[in-house]
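Keeping the supplied structure of chain A fixed, place chain B with the ligands upon it in accordance with the hints.
Chain by chain, the residues:
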Amino acid sequence: MSEKTESARAELLKYLKEEPFGCGNLACPGCGEPLAMREVLNALESQAVLVIPACCGSIIDGLFPYTSARVPILHTPFASAASTSCGVLHGLRRRGFKNTTIIAWAGDGGTYDIGLQALSSTVERNEDYLYICYDNEAYMNTGIQRSSSTPLLAWTTTTPEGDLKKAPKKNIIEILAAHRIPYAAAATVAYPEDLVAKIRKARATSGSKFVNILSPCPTGWQTRPDLSIKISRLAVKTNVYPLYEVHHGERLVLIDNPEPRPVEEYLKLQGRFSRLSATDIRHIQEQVDHNWSLLRKKADEII
Amino acid sequence: MKALITGNEAVSTAVKLARVEVIAAYPITPQTSIAEKLSQYCSSGELDADFIKVESEHSALATVMGASSAGVRTFTATSSQGLALMHELLHWSSGARLPVVMANVNRALGAPWNIWCDHSDSLSQRDTGWLQFYCESCQEVLDTVLIAFRLAESVFTPVMVMLDGYILSHTAEPVEIPEPEQVDRFLPKYQPLAAIDPKDPHTYHAVTSPEYFMEFKQRQFEAARQAEAVAREVSADFAKQFGRHYALTESFMCEDAETIIVAAGTSAGTGRYVVRRLREQGRRVGLLRVRMFRPFPFEEIRTLLGGAARVAVLDQAISPGSEGVLFQEVRSALYQAGGSGPEIYDFVTGLGGRDILPSYIEEMVEKVENGGKAGLARVNWLGLKS
Ligand SMILES: Cc1ncc(C[n+]2csc(CCOP(=O)(O)OP(=O)(O)O)c2C)c(N)n1
Ligand code: SF4
Ligand SMILES: [Mg+2]
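Chains as they are written, first to last, in this note's numbering: chain A, 1 to 303; chain B, 1 to 386.
For reference, chain A alone in the conformation it holds in the complex (with noise of 0.2 angstroms):
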């Protein structure tokens, strides 16, 4: 072995070592679903437990025996996400276990539809937990339906051609404020460095955090492997997704986006959306303007 190959298989396997969601789990090529695990579980150097339930995250992390993560998981019924975690938290709390921080790990379904019951209840009860939706906007695990996190006009096996998505995305980050809850964020994987910042905020705020982390998802939104990190960034880049925060349900940062793109660049990259014409596409792009400049009024500070 040539002295370079070596030290490349050094730097490997400390990789390897290291990874706290390692290579070789079940995600499809270009789903974002991993890489926000590894970039959630980097920022917080392992120190975690997480919670998942049905979802294609239950898959991706392996089969028995297997497991591509370093850290303790726990797999739940579809809507006890954020239940289960609080009785974790609370079981190791009550060990001495005090610096692990405890992730309810779910998908849009489970966050925004089956399992929001329970995580309102977690939240109004301010459980010291962080709650986290890698949100692909659909039912992906059962293959593409709609959840109430499908945005306008996008077409799943359940909002079929001739009939695509009527109503507009569910905003749970307003619900989750209107909790008061200490932290609410809205990050993607296309901006790692604002997405570990808002994880390492999380965890050092007591009480309920939520962090929506916007995930692309190549299967469900018919779109290539290779263009999910542009994907997701022109989300933020055409204010279809801005990058932003609550503190206590109160204070709105929001990262500003001077010269946002037309929406028609994000939407073009997409299978899902290649069905609709150029009325459909003014429609939504109105309504992306609209929620944009909400969201400005609302802000008490723009970075």
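In short, the hints are calculated from the structure, not lab data.
Don't be surprised by glycine CBs; every beta carbon is placed ideally from N, CA and C.
Mixed in with the good hints, there may be bad ones.
[What the hints assert, rightly or not] Using C-beta positions, here's what the derived DEER-type ranges look like:
#, chain 1, residue 1, chain 2, residue 2, range
1, A, 225, B, 191, 55 to 61 angstroms
2, B, 87, A, 163, 29 to 35 angstroms
3, A, 249, B, 381, 56 to 62 angstroms
4, B, 170, A, 207, 37 to 43 angstroms
5, B, 46, A, 291, 47 to 53 angstroms
6, B, 199, A, 204, 19 to 25 angstroms
Chain B with the ligands in isolation, oriented as in the chain A frame:
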């Protein structure tokens, strides 16, 4: 110390004595006073535990599942619709081999709405992998909750303790309250086998392919069967510590009986009263109370009933399209391939809190002794209005 307490108070007293660490429960009649009392114990510090005020029974069980996975002793309590709402997590918690203990105050399931006792709520959860006990007195409720923790933590299988709604839950009886030190000796601190440990990470309950799944289920099945022998040992140890002995079934005047009535819960008390009266008339009648329903003590029941000429089962839960639930189990204990046994008849009564009168039980005995097979239907209803 003896105290005059209700069945629900017996539950909360036992949970306090068991030094449970995490409790989550949601109010439902007639269970509510258990949740209230435990929450007060936790607020006052009388019990050093976290009481988590969840928003549903589904979340109550999901929460205690999380805490149990983290390695602490946990408890929840519910009734009827609440137990039905937990169904998904009943399977999950037993599959996850978590020694959660629950009290279920027996109450009918709607529709129509009804808040009174029958056994349809817990018996319709018989296949969820939870062990089940049906109690007859407030003392038995307190003692069984303590036994339940020992048993659950020995076989890593959750245990449900049943008490009849109102008849036990809201009726005060004199109950011997054990001393805390005595309970500590009987029930030492919970030693988890595989609790979540941030320093030793493992993944729990990941997707398991057909290649491995059956072995998990077979082990779970074996543990639940083993629980029968373990329950006997635990009961014997309980008797040694506290002087009260609980068998898995309780037979009353069965030795020479020609007709044996089988019942569960408080109706057994009415049954014994009837048996005594009929014995005075020289009738050879006995009663068998099924205290442990899961695991079902097949051998014990076959031995106790095998010598009788006929068996009449009093059912407080039905499986529409089939038969009474207790009946199915008792018959399955009696008849094995190639075997023979007593005639067995099913009687349904007491649904939704309808009083189970001594005259109904007398009617059962009359019918099976006189009518025999010919005069009786597959399922016979008692006390129906015409
Ligand atoms: C109670 C229940 N209902 C339905 C399902 C089937 N199911 C499993 S995952 C899933 C969708 C998950 O969607 P999401 O939370 O968005 O995660 P994703 O798969 O998109 O990552 C559904 C409907 C289930 N497991 N449990
Ligand atoms: S379907 Fe989508 S979310 Fe699921 S693993 Fe594939 S890319 Fe990821
Ligand atoms: Mg999804």
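Structure-based check of all given hints:
| no. | hint | result |
| --- | --- | --- |
| 1 | A/225 <-> B/191: 55 to 61 angstroms | 48 angstroms, violated |
| 2 | B/87 <-> A/163: 29 to 35 angstroms | 33 angstroms, holds |
| 3 | A/249 <-> B/381: 56 to 62 angstroms | 58 angstroms, holds |
| 4 | B/170 <-> A/207: 37 to 43 angstroms | 39 angstroms, holds |
| 5 | B/46 <-> A/291: 47 to 53 angstroms | 52 angstroms, holds |
| 6 | B/199 <-> A/204: 19 to 25 angstroms | 22 angstroms, holds |
Checked against the numbered hints given earlier, this structure breaks only hint 1.
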